[in-house]
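Protein chains: 2
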Amino acid sequence: MQQKLNELKAILAEVSDLNAAAGVLGWDQQTYMPRAGAEARGQQMGTIGKIAHETFVSDRVGKLLDQLKGAFPEGSDEAALVRVTKRDYERRTRVPASFVVEQAEVTAAAHEGWVEARQKSDFSIFEPHLAKVLNLTRRYIDFFPKADHPYDTLLDDFEPGMKTAEVQAIFSELRKKQVKLIKAIAAKRQVDDSFLHLKYSEAKQRAFGEKVITAFGVDWNKFRQDKSPHPFCTSFSVNDVRITTRFNETFLNPALFGTMHETGHAFYDGGVNPAYERTSLGGGASLGIHESQSRMWENIVGRSLPFWEHFYPTLQKTFPAQLGNVSLKKFYKAVNKVEPSLIRVEADEATYNMHIMLRLEIEIAMVEGAVALKDLPALWNAKMKEYLGILPPNDAQGVLQDIHWSFAGIGYFSTYSLGNIISAQLWERINKDIPDLAAQIRKGKFDSLLGWLRAHIHVHGRKYDPQELVQQVTGSRIDPKPYLRYLETKFSDVYGL
Amino acid sequence: MQQKLNELKAILAEVSDLNAAAGVLGWDQQTYMPRAGAEARGQQMGTIGKIAHETFVSDRVGKLLDQLKGAFPEGSDEAALVRVTKRDYERRTRVPASFVVEQAEVTAAAHEGWVEARQKSDFSIFEPHLAKVLNLTRRYIDFFPKADHPYDTLLDDFEPGMKTAEVQAIFSELRKKQVKLIKAIAAKRQVDDSFLHLKYSEAKQRAFGEKVITAFGVDWNKFRQDKSPHPFCTSFSVNDVRITTRFNETFLNPALFGTMHETGHAFYDGGVNPAYERTSLGGGASLGIHESQSRMWENIVGRSLPFWEHFYPTLQKTFPAQLGNVSLKKFYKAVNKVEPSLIRVEADEATYNMHIMLRLEIEIAMVEGAVALKDLPALWNAKMKEYLGILPPNDAQGVLQDIHWSFAGIGYFSTYSLGNIISAQLWERINKDIPDLAAQIRKGKFDSLLGWLRAHIHVHGRKYDPQELVQQVTGSRIDPKPYLRYLETKFSDVYGL
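Going down the list, the protein sequences come from chains Y and D. If you count the first sequence from 1, you need to add 354 to reach the numbering used here. If you count the second sequence from 1, you need to add 354 to reach the numbering used here.
So that you can see chain Y by itself, here it is in the shape it has in the complex (with noise of 0.2 Å):
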């Protein structure tokens, strides 16, 4: 058995390989390829996939597979590779190649279809190519053995083991209490932020950014930081992690808060077990606790005060002239402010569940075929009416923000509120093993912190499902409570309710 285990890990490890090396040419591409470049960088990345692809799904791991299983005791990591790799096997085999071909051609031009409604703001343009994307879900959802919600298969891909049923129940109990929090801060004198929004040179920004995050315990000799259009994590093995960051100078909080948020990602990705190196064990047990660890660093700490106990005065020393007058409490209230908001991927940590529940609730229904493509501007707008009291202009800013139906994303908008939700439930778990945590983040100390994360999330990869994990770590499984103590505990402090 262990040299079918071995044969396993040399073709795991190549297709590995292949995905870092597709990595790098995404990261290069996002960075700092000529604009020129782009048509080859298409061909080079098809090929690759396409081949990682092929090595994969070959029968021979098939057959390994279907031979390994069982051979190695309940619990161990070589069970869980197995596991693992036979569920991502399951998933890349049903889909047959000329449905993958298919797709890809129709979210291209639903891609198309997407940025020209968007330009337009006519959403009657995008509905003709969504009705092609979600025929396509459909069929995607029936190659799967049939589960008790279709939705289930989509979010599946997103978040292991996870059922729709699951996450209505937990966004059930959020919803209520969350709309009436945001009443009661809209009811509240709205804190000042103009000092936010002066102007701040994008090289100081990056300097203060780097001096957070080596706090927080970034080893510069396996991570770096870029500039890219749009931010994000990819790392092409434990030792080589990177993030990109935005830059606006004339609004502070994307490059700060992105860079706390990207690191997050970052020391997840370089924080698995070394051994889980090269096999499918690598990265993160789902997009909703991926996104747990990088908004516990954005918004639990790096929204904190005790954070800012410690980090303010070196930012006002940065920029004297925009923040020198400018008290602690002040700042730290204008970091925190709550206003309910058009754009998901601008709102605060109050409103930013509603933009996910109204999304999700629409997937679902989409799904379902229990609303008409025609009507889902109405029920956007209505749905943002309901929990946010606000009412888009037109569909731009309304049901045409997101790129992720064009290229087929649907099932994963709750992993954003997963992440949340997880992040407030280990934060309270963490208070509990460290109780000088506030002291030590007072003090801009960060390695107990980041050590047990490491230990008890980031090291175990994909080993476990979320559920699982969570459980194993915090006795319970996915649950909305602790972040609602959590908004409610802060936003208390900051609008005085």
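Just so you know, these hints were derived from the structure itself, not from any lab. Heads up, some of the hints might be wrong.
To be verified - Over the 12 Å line for every Cβ pair with chain Y, so calculated as not near, a few chain D residues: (1) E361; (2) E456; (3) S475; (4) P499; (5) T668; (6) I716; (7) L727; (8) A762; (9) Y766; (10) I784; (11) A793; (12) R808; (13) Q825; (14) G829.
What the hints assert, rightly or not - Cut-off 20 Å, straight-line C-alpha distance, at most; resulting in silico cross-link-like pairs (DMTMM-like, lysine to aspartate or glutamate): (15) K404(Y) - E361(D); (16) K517(D) - D496(D); (17) K537(Y) - E527(Y); (18) K363(D) - E393(Y); (19) K687(D) - E663(D); (20) K576(D) - D382(Y); (21) K534(Y) - E740(Y); (22) K581(D) - D382(Y); (23) K835(D) - E520(D); (24) K363(Y) - E393(D); (25) K576(Y) - D382(D); (26) K404(D) - E361(Y); (27) K581(Y) - D580(D); (28) K537(Y) - D702(Y).
Don't be surprised by glycine CBs; every beta carbon is placed ideally from N, CA and C.
Starting from the known structure of chain Y, fit chain D onto it as the hints suggest.
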């Protein structure tokens, strides 16, 4: 036949994509990769190299090549594609995979041995490694049909079709006259270049270099420049060509002329017929032809008086403290200073070829078994004394200075000098075709020159062998006379010979 050609092209496209991907990984490794990423990067490049090799040397490719031989009219692109691919195929299939693995192991150890030997300036540490490398080299030669001279097989990897006897004849004509020239210069008063060794800020050096190559005709949509410890040019398609530069803040020359040099390579890579993309005809005809392009822009253009008549005022404005009081003539002489020196990579135009000849003679002697390895340091020093009139004070600055033998790179030193020689041959032809070229350069106009190189050299990619290409363009085979004329004219001017 068209169908078979298409099948071959589809395979070559995959191989080309994989090689381009490996190129991106290599570029990243030299420019931005975090240090700790090296091990994983080695694995990734190993996997891609292995798959590219296996894809290319498949029996199917061999069969297609046999079937396609003679199927297309002589002189057509298709016939060239089949011929060049066949040659590559032969070279790749004659060498067994086990040999490649053994060579990788031997050279990995030899590299470490060389590093240590150079550090300690002790050739005896490197000697046993070199013995193994030489043994591998002889075995490599034995995989191929017997040539006129065993060294021919090595040379053919870099200068297809070129014979050792041809290179020896060319060099023998060169040597006598070049030694004489160097002696004549040595008898004259040395020029002053002390002002080139003042403090020159990296940012300003870079900005000036960018101005120069933009004037040369670089299209920044298809090109970029980064920093690396060792400058190089690489390309991933004709629309994505990159150079790297090393900056020295206390010596103006390396970045200035290095940038022009690498840009010469970049023009070649980016100027190949787009129809040759993803086939065996992409890239340059040989290392010598490639070097002729880089040396032309670096030396014949970049160290010429007309060039500086245009650019020197801008350079003075960029560095007023350093150059404000230095006349054009003085500056021109300084960048053309001739001084026999120990280290090849730092050698000037007049002495550079001597370094190459010395190495070629020693390599041929090694391959012939005409010299005992233990005698190499003495042989090296004797030739240095004879050709350049100086004696290395130690082996680190003598026989141990180059990395090439440690990676079994025996056979390509001569291409550096061939590049110089060819560049002058082309230059004479170009000046016949563009009679007012000097006047154009004096105005900072390079489009006719670049256009000529594109049309006569770049566009052909690997379609012609180097001798064939030179013959076709200049009407004669590779000939050192134009280069000697060029040197004599230039240094008569600089040194008043």
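Hints and how they fare:
no.	hint	in the structure
1	E361	holds (16 Å)
2	E456	holds (21 Å)
3	S475	holds (31 Å)
4	P499	holds (34 Å)
5	T668	holds (25 Å)
6	I716	holds (39 Å)
7	L727	holds (38 Å)
8	A762	holds (25 Å)
9	Y766	holds (27 Å)
10	I784	holds (27 Å)
11	A793	holds (32 Å)
12	R808	holds (16 Å)
13	Q825	holds (32 Å)
14	G829	holds (36 Å)
15	K404(Y) - E361(D)	holds (17 Å)
16	K517(D) - D496(D)	holds (17 Å)
17	K537(Y) - E527(Y)	holds (17 Å)
18	K363(D) - E393(Y)	holds (18 Å)
19	K687(D) - E663(D)	holds (13 Å)
20	K576(D) - D382(Y)	holds (14 Å)
21	K534(Y) - E740(Y)	holds (11 Å)
22	K581(D) - D382(Y)	holds (15 Å)
23	K835(D) - E520(D)	holds (14 Å)
24	K363(Y) - E393(D)	holds (18 Å)
25	K576(Y) - D382(D)	holds (14 Å)
26	K404(D) - E361(Y)	holds (17 Å)
27	K581(Y) - D580(D)	holds (15 Å)
28	K537(Y) - D702(Y)	holds (14 Å)
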